[in-house]
Amino acid sequence: MPDEIYKVQLDGVFEGPMDLLIYLIKKNEVDVYDIPIALITDQYLKYLEWMKSMNIDFAGDFLVMAATLIQIKSRMLLPVHEDEESEEDPRLELTKPLLEYLQVKSAAEHLSARSILGEDTFIRTIDKEDYLTAGEDEIINVDLFELIDAFKKILENISDDQRLDLTADRISVKDRIAQIVDLLEKQASITFGELFSSDVNKGEIILTFLAILEMVKLSLVRIVQHVHTGIIRIFYL
Amino acid sequence: MEDIKKIIEALLFVSDSSLTIDRIKSVLALNSTKEIQDALSALSDEYEARKGGFYLHAVAGGYQIRTRPEYTKWIKRLIRTKPVRISKAAMETLAIVAYKQPIVRSDIEHIRGVDCGGILRTLLERKFIRILGRKEIPGRPLIYATTRQFLEIFDLKDLKDLPTTEEIEKLGNTADT
Amino acid sequence: MEDIKKIIEALLFVSDSSLTIDRIKSVLALNSTKEIQDALSALSDEYEARKGGFYLHAVAGGYQIRTRPEYTKWIKRLIRTKPVRISKAAMETLAIVAYKQPIVRSDIEHIRGVDCGGILRTLLERKFIRILGRKEIPGRPLIYATTRQFLEIFDLKDLKDLPTTEEIEKLGNTADT
Chain A
1 MPDEIYKVQL DGVFEGPMDL LIYLIKKNEV DVYDIPIALI TDQYLKYLEW
51 MKSMNIDFAG DFLVMAATLI QIKSRMLLPV HEDEESEEDP RLELTKPLLE
101 YLQVKSAAEH LSARSILGED TFIRTIDKED YLTAGEDEII NVDLFELIDA
151 FKKILENISD DQRLDLTADR ISVKDRIAQI VDLLEKQASI TFGELFSSDV
201 NKGEIILTFL AILEMVKLSL VRIVQHVHTG IIRIFYL
Chain B
1001 MEDIKKIIEA LLFVSDSSLT IDRIKSVLAL NSTKEIQDAL SALSDEYEAR
1051 KGGFYLHAVA GGYQIRTRPE YTKWIKRLIR TKPVRISKAA METLAIVAYK
1101 QPIVRSDIEH IRGVDCGGIL RTLLERKFIR ILGRKEIPGR PLIYATTRQF
1151 LEIFDLKDLK DLPTTEEIEK LGNTADT
Chain C
2001 MEDIKKIIEA LLFVSDSSLT IDRIKSVLAL NSTKEIQDAL SALSDEYEAR
2051 KGGFYLHAVA GGYQIRTRPE YTKWIKRLIR TKPVRISKAA METLAIVAYK
2101 QPIVRSDIEH IRGVDCGGIL RTLLERKFIR ILGRKEIPGR PLIYATTRQF
2151 LEIFDLKDLK DLPTTEEIEK LGNTADT
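Protein chains in written order, with my numbering: chain A, 1 to 237; chain B, 1001 to 1177; chain C, 2001 to 2177.
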């Protein structure tokens, strides 16, 4: 076994536990639908041991799979009662994901085998600048990833305490502010009642309230309460 | 007609992605789809007749001028650019996104059995995949899907052009034996 | 000879700069300059005869396929119309506004470390951002935020759909492919 593993090693370390399992199944020429669980578990664990002895780092996923294998193996050892015929083969837990992964592997191979642009065929690469008059610098296509990427690069250059306010909550408040501004742009003022009527849950109400507070702080709005009716109205400044 | 053909040829020559008929229509401010279709097929016929270094290819719902595969060897000698080369792990992840889209990261990782964060980032960067939005489940994870560029790179007219997994398996089985 | 012409056409087609005869010679591993010259003039004659969207241009001691100037107008329309294009500096500024909104100019400039006046104006003109109001601090600076159009362009339902910074970081660094 160690020799064989060494050979495998030359082909590259296994990407994950599924990769290793599929290798073992192919090597032993066994049926995915009828996996000799004891044999495969044994070889799987030996491989992990070998990786450890070679000081090769491997992800925790390998250990999770090892636990799964051992569990299936022990369930297989339990006596099957006549009346429990309908019980699922414990190995199905392994077969289903293995089949799915095998499908993915074939699909990936199919993609690799296609005629790939930039590899098997080429298009013209032209300098768009020739056609642009404005002195704009490097032009990129707008795409959400570009936006995230731009922000990630900025983040790398700012200190930690400045980034604390970038959690999902803060973004929700910002979102609510944008919605309120949209409303105010249409009608200049809005009552508290109108603003909260659509809010069904507590979280939403708090969010709206936080948004209004933030807007007041930013002097985006002015809040006025009518002396007689008690109606609170928000004015867009 | 003659002129439209020439303009379209010039457009095809500078476009870095495949041009849809709708796009050509809006650039030319034309209403007639037929005129554009006729010009495109006339161009294609011409390129086939002269059998030059390039041809008109229908891909990603549009049209693109590409070099003929028989000259790849020479082109590679000229432009020593980084080849597209995609790692096996990246290709597997891309295949999962392509076949199961829209899909969230945890589902991809469930299938592959390993962390895919770095690979997803690479695929995003190379514009093979994009973020579609968020899934309305706890944690509101990001949803991934393939891009138009993915279709262009892998020479697909549309997503339906991808063979089904059963079709691939049949191909694989015959190749194995 | 026929073949050399086609190969050269494919090379000219993909090259982003002009090709010298020496360069072509080395790619084709040919000794004869004449053969290449003949192929080039045959190509040029062909392009002139068909009067298509492009021609062979001799520049800086080399050759290049170029689109005919009479179609520049259309090409500009193609490049300028969608897909939306934006400069890198503008993208950075837009990212700051998107994630830190509502935000004033001085804060944006503090993060980017450079003047952003011109870029903000462009982003306003293109309706990516809008002015929310003025901050009640000395100088009463303008407060910026993104627009509905911004969401549409980036295919976001709302601002909550923007990946959070933690998510961005969790994606980790680009994996080697």
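Hint data in this document are derived by calculation from the structure and do not stem from the laboratory. Treat the hints with caution; some may be incorrect.
[To be verified] Label-pair ranges, simulated between beta-carbon atoms:
hint	chain 1	residue 1	chain 2	residue 2	range
1	C	Q2149	B	Q1037	45 to 53 Å
2	C	E2125	A	T95	32 to 40 Å
3	B	K1076	A	E49	25 to 33 Å
[Stated by the list, open to error] Restricting the straight-line Cα-Cα distance to at most 30 Å, the calculated cross-link-like pairs of lysine-lysine (BS3-like) are:
hint	chain 1	residue 1	chain 2	residue 2
4	C	K2135	B	K1034
5	B	K1157	C	K2135
6	B	K1073	B	K1135
7	C	K2088	C	K2034
8	C	K2005	B	K1160
9	B	K1051	C	K2135
10	A	K96	A	K26
11	A	K217	A	K186
12	A	K105	B	K1034
13	A	K152	C	K2005
14	C	K2088	C	K2157
15	A	K152	C	K2127
16	C	K2073	B	K1073
17	C	K2034	C	K2051
18	B	K1051	B	K1100
19	A	K217	C	K2051
20	A	K217	A	K152
Values in this document were obtained by computation on a predicted structure and should not be read as measured data. Positions of the beta carbon are idealized from the N, C-alpha and C atoms, including for glycine.
Tested hints:
At about 32 Å, the beta-carbon gap between Q2149/C and Q1037/B misses the expected band of 45 to 53 Å. Between E2125/C and T95/A the C-beta distance comes to about 59 Å, which lies outside the given range of 32 to 40 Å. For the pair K1076/B and E49/A, the beta carbons lie near 44 Å from each other, so the given range of 25 to 33 Å is not met. Between the alpha carbons of K2135/C and K1034/B the distance comes to roughly 56 Å, so the proposed pair goes past 30 Å and is violated.
For the given pair, K1157/B sits about 52 Å from K2135/C by alpha-carbon distance, which is inconsistent with the 30 Å threshold. Our distance criterion of 30 Å between C-alpha atoms is broken by K1073/B and K1135/B, whose separation comes to about 45 Å. Restraint check: the Cα-Cα separation between K2088/C and K2034/C comes to about 46 Å, which exceeds 30 Å; the hinted pair is violated. Straight-line distance between C-alpha atoms of K2005/C and K1160/B comes to about 38 Å, which puts the hinted pair past the 30 Å bound.
Proposed proximity of K1051/B and K2135/C is contradicted: the alpha carbons are some 66 Å apart, above 30 Å. Between K96/A and K26/A, the direct Cα distance comes to roughly 16 Å. Compliance with the 30 Å bound is thereby established for this hinted pair. Taken as a hint, the K217/A and K186/A pair is honoured in the structure, with Cα atoms around 22 Å apart against an allowance of 30 Å. Between K105/A and K1034/B, the direct Cα distance comes to roughly 42 Å. Violation of the 30 Å bound is thereby established for this hinted pair.
Under the criterion of a C-alpha separation no larger than 30 Å, the hint pairing K152/A with K2005/C is inconsistent with the structure, at around 48 Å. About 24 Å separates the Cα atoms of K2088/C and K2157/C, which keeps this hinted pair within 30 Å; it holds. For the suggested pair K152/A and K2127/C, the alpha carbons sit about 23 Å apart, so the restraint of at most 30 Å is met. A C-alpha spacing of about 35 Å is found between K2073/C and K1073/B, which places the hinted pair above 30 Å, so the restraint is violated.
At most 30 Å may separate the alpha-carbon atoms for a hinted pair to count; K2034/C and K2051/C meet this at roughly 25 Å. Distance check on the hinted pair: K1051/B and K1100/B sit about 39 Å apart at the alpha-carbon level, beyond 30 Å; violated. At roughly 66 Å between alpha-carbon atoms, K217/A and K2051/C are farther apart than 30 Å, so this suggested pair is violated. With a CA separation close to 28 Å, the supplied pair K217/A and K152/A stays within the 30 Å bound.
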